[in-house]
Every structure is written in structure tokens, then in C-alpha cells.
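**Student:** First to last, the protein sequences are chains D and F. Just so you know, my numbering puts 94 at position 94 of the first sequence, and the rest follows in order with no gaps. Just so you know, my numbering puts 45 at position 45 of the second sequence, and the rest follows in order with no gaps.
What the hints contain is simulated information worked out from the structure, not anything from laboratory work. Be aware that one or more of the hints could be misleading.
Claimed, not checked - Once the Cα atoms are required to be at most 27 Å apart in a straight line, the calculated DSSO-like pairs of lysine-lysine come out as:
1. F:Lys95 to D:Lys309
2. F:Lys175 to D:Lys28
3. D:Lys28 to F:Lys28
4. D:Lys362 to D:Lys346
5. F:Lys95 to F:Lys286
6. F:Lys317 to F:Lys271
7. D:Lys160 to D:Lys332
8. F:Lys362 to F:Lys346
9. F:Lys88 to F:Lys175
Values in this document were obtained by computation on a predicted structure and should not be read as measured data.
Protein chains: 2
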Amino acid sequence: MFDMNLIQRGARLRRSPFFEATQRHGAKAYTVYNHMLFPICFDDLEAEYHHLLEHVTLWDVSVERQVEITGPDAFAFINMLTPRDLSKCAVGQGKYVVITADDGGIINDPVLLRLGANHFWLALADSDVLLWARGVALNSGLRVNITEPDVSPVQIQGPKAKEVVLALFGEPVTKLRYYWFLDTKLDGIPVVVTRTGWTGEVGYEVYLRDGSRGNDLWERIMDAGAPYHIRPTGPSDIRRIEAGILNWGADMTLENNVYEVGLERLVDEKKDASYIGRDALARIRKEGVRRKLAGIEIEGERIEFNTTKWPVAAGGKPVGRVTSAAWSPRLKKNIGYAMVPVAQAKPGTALQITLPGGAERKATVVDMPFVDPKKAIPKT
Amino acid sequence: MFDMNLIQRGARLRRSPFFEATQRHGAKAYTVYNHMLFPICFDDLEAEYHHLLEHVTLWDVSVERQVEITGPDAFAFINMLTPRDLSKCAVGQGKYVVITADDGGIINDPVLLRLGANHFWLALADSDVLLWARGVALNSGLRVNITEPDVSPVQIQGPKAKEVVLALFGEPVTKLRYYWFLDTKLDGIPVVVTRTGWTGEVGYEVYLRDGSRGNDLWERIMDAGAPYHIRPTGPSDIRRIEAGILNWGADMTLENNVYEVGLERLVDEKKDASYIGRDALARIRKEGVRRKLAGIEIEGERIEFNTTKWPVAAGGKPVGRVTSAAWSPRLKKNIGYAMVPVAQAKPGTALQITLPGGAERKATVVDMPFVDPKKAIPKT
Numbered sequence: 001m002f003d004m005n006l007i008q009r010g011a012r013l014r015r016s017p018f019f020e021a022t023q024r025h026g027a028k029a030y031t032v033y034n035h036m037l038f039p040i041c042f043d044d045l046e047a048e049y050h051h052l053l054e055h056v057t058l059w060d061v062s063v064e065r066q067v068e069i070t071g072p073d074a075f076a077f078i079n080m081l082t083p084r085d086l087s088k089c090a091v092g093q094g095k096y097v098v099i100t101a102d103d104g105g106i107i108n109d110p111v112l113l114r115l116g117a118n119h120f121w122l123a124l125a126d127s128d129v130l131l132w133a134r135g136v137a138l139n140s141g142l143r144v145n146i147t148e149p150d151v152s153p154v155q156i157q158g159p160k161a162k163e164v165v166l167a168l169f170g171e172p173v174t175k176l177r178y179y180w181f182l183d184t185k186l187d188g189i190p191v192v193v194t195r196t197g198w199t200g201e202v203g204y205e206v207y208l209r210d211g212s213r214g215n216d217l218w219e220r221i222m223d224a225g226a227p228y229h230i231r232p233t234g235p236s237d238i239r240r241i242e243a244g245i246l247n248w249g250a251d252m253t254l255e256n257n258v259y260e261v262g263l264e265r266l267v268d269e270k271k272d273a274s275y276i277g278r279d280a281l282a283r284i285r286k287e288g289v290r291r292k293l294a295g296i297e298i299e300g301e302r303i304e305f306n307t308t309k310w311p312v313a314a315g316g317k318p319v320g321r322v323t324s325a326a327w328s329p330r331l332k333k334n335i336g337y338a339m340v341p342v343a344q345a346k347p348g349t350a351l352q353i354t355l356p357g358g359a360e361r362k363a364t365v366v367d368m369p370f371v372d373p374k375k376a377i378p379k380t
Numbered sequence: 001m002f003d004m005n006l007i008q009r010g011a012r013l014r015r016s017p018f019f020e021a022t023q024r025h026g027a028k029a030y031t032v033y034n035h036m037l038f039p040i041c042f043d044d045l046e047a048e049y050h051h052l053l054e055h056v057t058l059w060d061v062s063v064e065r066q067v068e069i070t071g072p073d074a075f076a077f078i079n080m081l082t083p084r085d086l087s088k089c090a091v092g093q094g095k096y097v098v099i100t101a102d103d104g105g106i107i108n109d110p111v112l113l114r115l116g117a118n119h120f121w122l123a124l125a126d127s128d129v130l131l132w133a134r135g136v137a138l139n140s141g142l143r144v145n146i147t148e149p150d151v152s153p154v155q156i157q158g159p160k161a162k163e164v165v166l167a168l169f170g171e172p173v174t175k176l177r178y179y180w181f182l183d184t185k186l187d188g189i190p191v192v193v194t195r196t197g198w199t200g201e202v203g204y205e206v207y208l209r210d211g212s213r214g215n216d217l218w219e220r221i222m223d224a225g226a227p228y229h230i231r232p233t234g235p236s237d238i239r240r241i242e243a244g245i246l247n248w249g250a251d252m253t254l255e256n257n258v259y260e261v262g263l264e265r266l267v268d269e270k271k272d273a274s275y276i277g278r279d280a281l282a283r284i285r286k287e288g289v290r291r292k293l294a295g296i297e298i299e300g301e302r303i304e305f306n307t308t309k310w311p312v313a314a315g316g317k318p319v320g321r322v323t324s325a326a327w328s329p330r331l332k333k334n335i336g337y338a339m340v341p342v343a344q345a346k347p348g349t350a351l352q353i354t355l356p357g358g359a360e361r362k363a364t365v366v367d368m369p370f371v372d373p374k375k376a377i378p379k380t
């Protein structure tokens, strides 16, 4: 059994409603994300990757904490937090969005769900958007309530995910378009089911709306998935890198803007409302960026998935850092991302990477995603 | 060697400037705090406690990330973030403060340092005050710059701490009053030295102002401390509970206010300026609170330091949760805190605690701090 004392000391770190289930099912390691314990593997990372590609996997992603925004001005408020034009987001629909600071920096990249005309959830990456939103609201003159609701998602990801959600929720859920959702119940457990995920595979998320029912929901999904060999796993970094999906905190932070990290599709330039960061983004768009996140292939033998911002050089001169990297078993290549000056971000550029311990590796800038986009699910 | 993969996957979690030093000196476990790895022990927790009581200890608390506030309106802005009257804080002085939300909730409980008339640092507990402050600033009309500077503290704590800082910094530092600081250099390394700490013992913090010099500063302190048997340790939860010191995220959160957790001394009722949460705190003060954080003694054998909000009952009825608890070797008692209704917060009240696994323990509400206040350093 994993020694929880290694990271858990006292009652500061929160536990997910699925924590006991993940312990029972043999979680081998946890990290910390949004002040909460996050199970990151139950087996070897490559074994989990293959299971995701061939079958179906269940992830405890309760750490995607929600910020809930309600009140008569909720729409106006949330539309002010992001460059996407949310007048195009229907009730029942979700969007992948960035939350931007006044300088255009990326505060977070949540999935937004519109549950009502003035009712929104943000499923967050690892930063306290609750504090940002409450700070912004203070002098905004808008009537909003901003809280962290009792909502905890799991992901069901892999080619058999559709069969599993069909068995659980019936036909309507299989008709969901990307980023749309259903508000429903499972044996009396209130849930929201979305067609979303962090893989590029077929996938769904089930947002539990009653934290006391974590064990029930987990076992119900495991039972429904048994004929399809469902297994609890951590999120697959290998698969998400293959798909060109970014990890906030590693591949992008508050120090970056969407134009540096290839997320310009999340800015609706013709949006008919002001939002935080609009002027800064317009200026950056006009002036251009100095650095970019580039896809890279790293030569040589299999690297361990554990980058610590390895140094990147070009022509012997330090130019940037690796932000994520992994060995892709099906591509039989080391792939990843590096933040480098624009001049070094062009496909074909030769780079040199320094691994921990000092070993040098040749690398080349390549186009993303690494796996045929027809196989990847676009974030819409 | 500790398997870093247990919590560190990819480049998301940040590393302290002292990370390599803590690895070299045998850190056995890390937790995550402000998105950064935090070494929490190098030895048995009781061995570290005894070393703190008898000698001197060095802690890597870089996770106390700073928010720096500058600009022509920096004083007006920071004075708006806290109920303490900062007109009473001189340049060169620090204060223990709470940052309050508009509903009076505690966002964080940093140590504030005033480096100039309009130059402040907040040394933070585990929440993104950078986002809160930037959100608040947006429509405030105040001209401020709010950033995370390259500043990383260590703590030097224990009865021999004064000898160590004397050897390092000379006479002036030994003349510091509680919560005052010196802006100085050590072998060219820029630092700020404060008379502060998280122990109730004599203690100092050294704020490194150049992250590239982490190794140098660490070894310089270890060398100066060698005659006094200095050892790297984690923060001692046993000692801080004895002193009645609270841990944000465990003993208090955004859901609590100062009146619930005994921090009313951090509200200057006659403060001559408005601040966020003022109206809410005035209302709470008038109406009274429904629950309070109470000191408790738990009967029976030594408990493990690892509370997970153990349930608390009174007369067989559930009334609250334990927020922190530890075995005090010198008191030979289990001590801690529980959040309970006001009626159950009176000294002498009998409580029942349910430990993990279901075992019941008798407990009694007692006065805090647990160790004679003459031995404890007041937070001023």
C-alpha cells in the first residue's frame, strides 16, 4: 500500500468523494491538484496507455474543482472572464475556454458548462479561479454568486466508453455532440454527463452532484464497464501529448498567452462584449509573440515521463525549456513540447535537449498533433 | 531515495531554489503547497521535534510564495485587503495578517512585510492570493503592480537560532524585535531576515531574493549552524499545535472567519479606512458565531499525526470535526483542535472522537495554547 504520509500530513489536503474507491482499487500514487489528492496511476503508465487505446478507463478527476456562477448577471459576468463569445453557448452546451488576466495571461483553461441562462460551471485546472472570480466580482457592479459547489467529475475514456455510458444512461447520452451534456440521475444519484475528456479518444465525463454518493457511483460505473474490461487509471499524459492537448501549470501558465501556446482558436475576435484581457490580446496579436510552444521529437532511447523543464538549446545557445515529454509506444518516438523563441519554433528546426544528469539529446521541431487529427477529438 | 514520481509527474509542480539541497540532505517526504514541492521531513517527526526544542533547525519554506505589491497606491491597496490597520506598520516592520473576502471568510493568513512606503510582500499560506489581489485591483481605480517576485524563504528555528543568525549576519540582526526585519546581503546573496516563524520557539526567516543562489545560501547556513548542531527538518506540527498556531487549509479555510478561529486580534475595529469584509465582520461580531475552533485533549495512547477531519460527537450526537491533532511528547498527551458549535467549545466539555477504523476516544475541551504562553512567542 502506498504510504499516504509521503504527501498527506494533517487535514490540509482534501480528499475526493472517490478517494476510498481509488484506495480500494489500488491507486499506486497521488499528486496534489487544487488542494486535493489526485490518483495518477494504478499500474505502469504504459500499461494504462494501452488499456486506454484498446478498452475503456475510469479516472477520478474530482480535482477538476468547479466554480459555480449564478445570479441575475451570471451570463454578463462569465462572458467578461473569457475571450470566447458565450452568446454562442446554449443551455446544455459546454465550451473549452481560457480565463484571461488583464495582461492576457492564462489564469486557467477550464471546460465551461452552461446549465441555465444564468447558471455556469467551470471545471478547473490547478489554480484558484474561485478567488480570481470573487475578486473580479467585487467592484463589477454585477449581481452574481460565486461558489465551489459539491460537484466532482470522473472521466470514462477509451473506444468502449460509448458502450459503458449507453449501459449506464441509455440512448440519449450516446447522441450527445462534443461538449454537450445531459443533466440526469443514475439510481437516484444526481449527475451531469458530458461528452468531453483529456485524451483524444472517445470519452465522457460524469459530474457527481452529491459527494456522499462517491462510492456508489464509482462501483456502478465499474459494474457497467466490466463487460468492456474497464479499469481505473490515472490520466494518460502519453495519450494527451499525442493529441496535442496542453496541461495548465506545465505547458502554459499565467506567464503565457494563447498566441504563444497555439490556443488562438479560443479568442473570438468579433465578440460583441468587452472582457478582461481584450486590449492586451489585441496588442499581442498585432505585435506578434516572441516565443511559442513547439512540438518536438527527441531522438534516442525511451525517456522517462518526468520532465523538469529540461533546458533546450539551438546552435549551442540556450533558447528555452521542455514543458512536457513522453515516449509514445505506438509512434516509437519521444514526443513533447518546448517553449522556444519564434525563430526556433518552425518545423524542421534542430534543437538540443539536456536531460537530468547532463546527457544531451538531439531534437527536431515537428507539427502537432503527433497522432493523425482524424483520430483526435477536437476541443470545440 | 524517495520516489519523486509518487507526487511529481511532469513539470507542473514547481521546485524550490533549495530543492537540490533538500535532496542532498536526505528529505524523506514532500507535500505540495502553492503548486510547489515542500519537504516535510528528513527524519522521524518526533526526532525533529526534539531537535527543534533543544538545538536549531533549518526548513525550506519556499512554498511560502510571495505576492509583491508596488506602485503609487500600493499602501492604499494593501490596507484594503486586511482588517489590520497598516498605518501602524512601519517600513522595516512586518505583521501577521488575514486577507479577508467580502463575506469575512479567511482567504489566507500571510506574514506581511513593509519594504517601503509603497512596497509590500505577503508570505502566503496555500492559496492563490496573486489571483485574488489581481482580481480586486481590476476595477479598484488604484495604481498598483501585483507580481510573484523571485523570493524564497527558509526558517531557522530553535533555541540556538539566535547564535546562528549572529554568526551569519552579525549584531544588528540579534536586535530585531518580533516581526521586524533587515534587508541585507550574505556573501553577496541578497536576503531579507525577519524575526518570525511557525514554532513558538526563538526563530528567524531568511528570504532569499535570488533563486539562483539557493544552494549557496543553504550551505552557508548549514556551515554557520554546525557548531549548534543545526539540522534540516520539516516544519514541526507538534510544536506549532503546542503553541496554538493554526494551519490555513486545515484549521481555517475560506469558510471560516476570524471570530470562529480565535484570530480576532487581527481585526483593528477602529481602523480608519475601509477594507474588504469590514461590513461582514461587523455583522458577525454583533450577531456572534455559531461554531468555534476549540483546543482539545484526546485520551488514550499516542495518536498518529495524520488527521483526516475525524468526526467529533458530544453526548452521542455528531457536532464537528478535528482539524489538527498530534501527540505532544513533553505533555505526554494527544492535543489538537476541533471545530464545534459554540455550546461545545467551552473548556471542560466532554467530546467523543472517532478515529479512522472506527475506534472511539474520549476528549475534553481545554484552553489554548497547550504550552505555557511564556514559552510561546506571540504573533504580533
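**Student:** Could you run down the list of hints and mark each one as holding or not?
**Tutor:** Results for each hint:
1. F:Lys95 to D:Lys309: Violated, because 36 Å separates the two Cα atoms, which is more than 27 Å.
2. F:Lys175 to D:Lys28: violated (50 Å)
3. D:Lys28 to F:Lys28: Holds - the C-alpha atoms of Lys28 (chain F) and Lys28 (chain D) are around 18 Å apart, at most 27 Å.
4. D:Lys362 to D:Lys346: Holds, at roughly 16 Å.
5. F:Lys95 to F:Lys286: holds (26 Å)
6. F:Lys317 to F:Lys271: Judged against 27 Å, a Cα distance of about 41 Å means the pair is violated.
7. D:Lys160 to D:Lys332: The given pair, whose Cα atoms are some 25 Å apart, holds under the 27 Å limit.
8. F:Lys362 to F:Lys346: holds (16 Å)
9. F:Lys88 to F:Lys175: Holds. Lys88 (chain F) to Lys175 (chain F) sits at ~20 Å (cutoff 27 Å).
Of the numbered hints listed earlier, those contradicted by the structure are 1, 2 and 6.
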